[in-house]
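*Asks:* Those sequence lines, one after another, are chains A and B.
Position 50 of the first sequence, counting from 1, maps to 50 under my numbering, and the rest follow consecutively.
Position 177 of the second sequence, counting from 1, maps to 177 under my numbering, and the rest follow consecutively.
Worth flagging that the hints you see were computed from the coordinates, not collected in a lab.
Here a beta-carbon is modelled for each residue, glycine too, at the ideal position from N, C-alpha and C.
Keep in mind that a hint or two might mislead.
Said to hold, decoys possible - Chain A stretches covered by chain B per the calculated footprint, using a threshold of three residues with CB under 8 Å from any CB of chain B:
#1 79-90
#2 156-170
#3 180-193
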Amino acid sequence: MLDLTELGAWFSDPENWAGRYGLWNLVAEHLTLTFVAIVVAAIVAVPLGVAIGHLGRGEFFVVGLGSASRAIPTMGLLFALVLVMGVQFRELSVVLALSAIALPPLVAGAYSGVTTIPPWIRDSATAQGMTAWQLVRHVELPLAAASIIGGFRIAYIQVVSTVVLAPLVGLGGVGFGIIQGLALRNFSQVTASSIVIIVITVAGDRLIGLSQKFLSDRLGKPKPLETS
Amino acid sequence: MKLTRIAAVAASIGLILGVAGCAPSAVPSSEPIVIGSQAYYSNEIIAEAYALVLEDAGFTVERKFSLGQRDVYVPAIVAGEIDLFPEYTGNLLQFFVPTATETAAEDVYAALATSLPEGLTALAMSPASDQDSYNVTQEFASANGVESIADLASLADITLGGAPELAERPYGPTGLLAMYGVTVSFEATGDTTVESLVAGIVDMANVYSADPRIQQLGLVTLSDPLGLFLASNVVPIASEAVNADARALIDAVSAAMSAADLVALNVRSVDEKLSAAVIAREWLVSEGLLD
C-alpha cells in the first residue's frame, strides 16, 4: 500500500513545497489558524476557569461545557458559521468554530488547576492577610499553571487536527493536500500530508508538554513571597 | 473528527473488499436487475427513472442507491454486484483512462465504449450532461463583455475558484493558459465555491453545468468553443444481466432527457425537496414514458 519511494519522491520535489498551496505555506496557515483560535479561546476560557475555581461557583458550567464539547459536530459548526456569516468572513468563522472546540479543555484545565489546590494553602494565604486578587495572582495562578498548560495541550491537539477541514470552506492548511490528493487519487500526497499533520501535532504537543514540566518545576513548589 | 474520517475510509475499504470478494455469477433472468446510483441527488433521480420504466414493463428491480463516489462503487459494478448505473461519459472515461485526451462528446463516448471492462456496456448516451463549466456573475459578464472563455484572454487579474483538485486538472489554470491564453490565479474555495463567486472573492468559478444554482443565482456559464472541458453526458452503464428489452426502455429514457430537463429535475429536488421517486415519476409521465 505505502510506497516509500514515491513518498520520498513527493517530499523531495521542490514543487510540492513552494507556492500558494505548497507545503511551507500550508503548514504556516495551519499553525496560524490553530494558534489564533487557541489564543481567542484562551482569552475567554482561562479567566473563566480560574474564576469558577476561585469562587467555587458554577462548576456545573465546566461539567456541561465538557460534555457539550464531545457533542459538537465540528464539520457542521464549520459550515454553519461560514454560511451564516458569509464567505467574506470565512477566516473569522473558522477561527470561531475552532475556538469553540478549544474552549472546553481550556476552561476545564484552569478550573481543575485552581480547585485542586489544598484548602490549607488558601486558608494560610488568607490568614496572612492576602486579598482575593493577591490570592489569585500569587497562589492560585502559579499552582494551577501546570494544569492550565495541560488544557492548552488538549486544546492544541483537538484544534490542530480539526484545521484539516478548513480547505472544505476555502481556507488553507495541510488538509488541502489530503482533500486534493483524494480527489486526484494522488495517494503519495495524501500520505505525505498526513505525515506532516502527525508531525506538527506530536511536535506541538511535546513542546507544550516541555513548558508544562518547566512551569510545574518552577512554580509548582511554594516559594517565599517577595517582600516589598 | 479524525476518527470519523478513519471510520469512513474503513467503511469504504470494507465495501470495496466486500463487493470485490463476491465472484460475479451468471445471473438467471428471474433475478432482479440491481440499479445503483451515486450519493448525488441528481444521479439518484436518473437511476430512479430507470427503475420506474423497468418496473412498469414488468422487470423486477432492486435499488442500491447512494453508493458514494466512483472509487467505491465502480469495483462493485465490475464485480457484477450492480447491473445498471447512470454515469457520466467524461468522468467515467477519466476514471478508467486517466490519460485520455478526448473532450468532444462523441469522441469521449467512443473512447469510453472501448475502455470499459469486460462485460460492461455503455448504452446510448443522453443529450443531458453534467460536466465542469466556468461561470461568472451576470455583473462580471456585462461589465467585461464576456460570453466565452476566449473573451477572458484580454482581462488581467482573474481569480478562479474551485475545489482543491482543480489546481491540477487538465482544464484548470494550466489548460486555461495553454488553450485560451488566459492567466488566472487559483483560489481553492472548496465547498463554498458558488458562495465565493457571488461574494466576489473569486471572479470565475468551476460549477457543474446541471447545478440548479446557475439558474437560481443567474450565473453566466461561459461557452467553451475550443473544448477545454471534457464532455460528460449521462450514460447508462449496463451489465449483461440487462437484456435487449430492458436496454430499449433505458435508451428511450436517455433520449428523452435533454440538458434543460436534467437542470429542471435538479431544481425541483433542491427547491421543492421532493424525493427522487416523485420527481422521476412526474418527469417520465410528462415525457409519455409512463402512464
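*Asks:* Next step is simple, just say for each hint if it's right about the structure.
*Replies:* Each hint, compared with the structure:
no.	hint	result
1	79-90	holds (count 7)
2	156-170	holds (count 8)
3	180-193	holds (count 5)
In terms of the numbered hints stated before, the structure departs from none.
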